[in-house]
Amino acid sequence: MNGIHDMGGMHGFGRVPIEVNEPVFHEEWEGRVWAINLCTRMPAGLRPEIEVIPPASYLRYSYYEKWLHAKVEGLIKAGLIDRDELAQREVAIAADPAAVANPIIEPARVTERLERLHTFNSPDTEPTGEPQFRAGNEVRVRNINPPGHTRMPRYTRGHIGIVQQLWGWHRIEDQDPPGVMTERAEPVYSVRFEGAELWGDQAEPNQAVYIDMWESYLESPETTGPNSESNGSSKS
Amino acid sequence: MSGHHDDGHTHEQSEPEIRTKALESLLVEKGLISTDEIDEVARLYEQDIGPMNGAKVVARAWTDPEYKRRLLEEGTSAIAELGYEGAQGAKIAVFENTSDVHNMVVCTLCSCYPWPVLGLPPTWYKSEAYRSRAVIEPRSVLKEFGTELEDEVEVRVWDSNSEVRYMVLPERPAGTEGMSEEQLIDIVTRDAMIGVTRVPAPASAV
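Protein sequences, first through last, are from chains W and V.
For the first sequence, my numbering gives the first residue as 1, with consecutive numbering after it.
For the second sequence, my numbering gives the first residue as 1001, with consecutive numbering after it.
Quick caveat, the hints were computed from the structure, so don't treat them as lab data.
Warning: the hint list may mix true and false statements.
Listed next, the in silico DSBU-like pairs over lysine-lysine satisfying Cα-Cα at most 30 Å (straight line) [stated by the list, open to error]: (1) V/Lys1030 with W/Lys77; (2) V/Lys1056 with V/Lys1126; (3) V/Lys1056 with V/Lys1143; (4) V/Lys1143 with V/Lys1068; (5) V/Lys1126 with W/Lys77; (6) V/Lys1068 with V/Lys1056.
In this text the structure is predicted, and so the values were computed from the model without any measurement.
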């Protein structure tokens, strides 16, 4: 979706806020949100929930507040918690910090969790055809505007780059329509875009951006124009 | 660490803190998580998984040309040789900074980052300023980190939009030829492995 999260190339955010000797977590709750997130992962992931946070809130929330918000919304949608019971519990804990759950200790569960976090979960899947592009090919990024989750940053749309290499076949993460996952896998390429191609005369000297492109994001600039209806994933 | 022994009366509870405690309480009571599971995962990312892992990869690559070749060719397996793998590191590609090419990593859409080697990202990496500017004005961003590059040096910005994660192999600073792998580990910085700084020559080596 063309959301506030798609920030590449935007102006107006000022200097990079560099904190020397920054702790991993600034507040204890941040670490707990992080751990809760990793221990209650859901198939669709949470990025779509973060991307639909209204823009004004997105910019106001800290990083861990975004994850907290997304986790709560995801768990409610999955039917695992109820919005009212959460609100009631918040009121209780605000009034009395001791109104939290009694600790549950399950060492076997900890062991299993750590094993899962260390598992080598490669995105690579079995190829189901021949990649359409090869290293050295010129490609144009298609002008698509999916309303759901997509991994194509808008600053690349319509621009021409050069395929560098094929990373492998990965599941397409886009949700079109929103909220609907697909199991389809496609070749994912590393594509190089020159700074001047992306940013015109404003580009800094001698700069390039490398970004990964699922095959259906791309079309061949020789055979199609930027407004072509053709589908870049179709096999020639 | 544990949030459950915090008496809560010594400070004002913030809104996200209250919400987090409420959420954790519900999930524990429903049996969806255990308290020690949350304790341990938070501890893991706070203490065990961090840039000290990546520093060992870099120091090995600086001292072992054969390892460096494997690392640049197939990052994931070379990194796994040192025992670092898992969440957000299932496919890691490593790029070498040289006197001609400077690589730096960003995630404009989110804050994707190679956890097994660098841990969780610093706030600046997740900031709107870095995410928006790194792709359009990388040299100006680098200057804010004190990294000045001649125009002749090509800047390559890696936007982490797929499931591939990126790490930079910084240039080994001059004057460190006599240092051991163990000593080199100590001079490698997180920011150099993201590609926003160079590894400075240690004072003793200048």
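Going straight from one Cα to the other, do V/Lys1126 and W/Lys77 come out at no more than 30 Å? holds, 26 Å
Check whether the Cα positions of V/Lys1143 and V/Lys1068 lie no farther apart than 30 Å. Measuring from Cα to Cα gives roughly 28 Å; hence the hint holds.
Against the 30 Å threshold, does the CA-CA distance of V/Lys1056 and V/Lys1143 hold or violate the hint? holds, 27 Å
Measure nothing beyond the straight line between the CA atoms of V/Lys1056 and V/Lys1126; if it is 30 Å or shorter, mark the hint as holding. holds, 24 Å
For V/Lys1068 and V/Lys1056, compute the direct alpha-carbon distance and say whether it is at most 30 Å. This hinted pair holds, its Cα atoms lying about 12 Å apart.
Taking 30 Å as the top limit, are the C-alpha atoms of V/Lys1030 and W/Lys77 close enough? Holds, at roughly 16 Å.
The structure agrees with every numbered hint stated previously.
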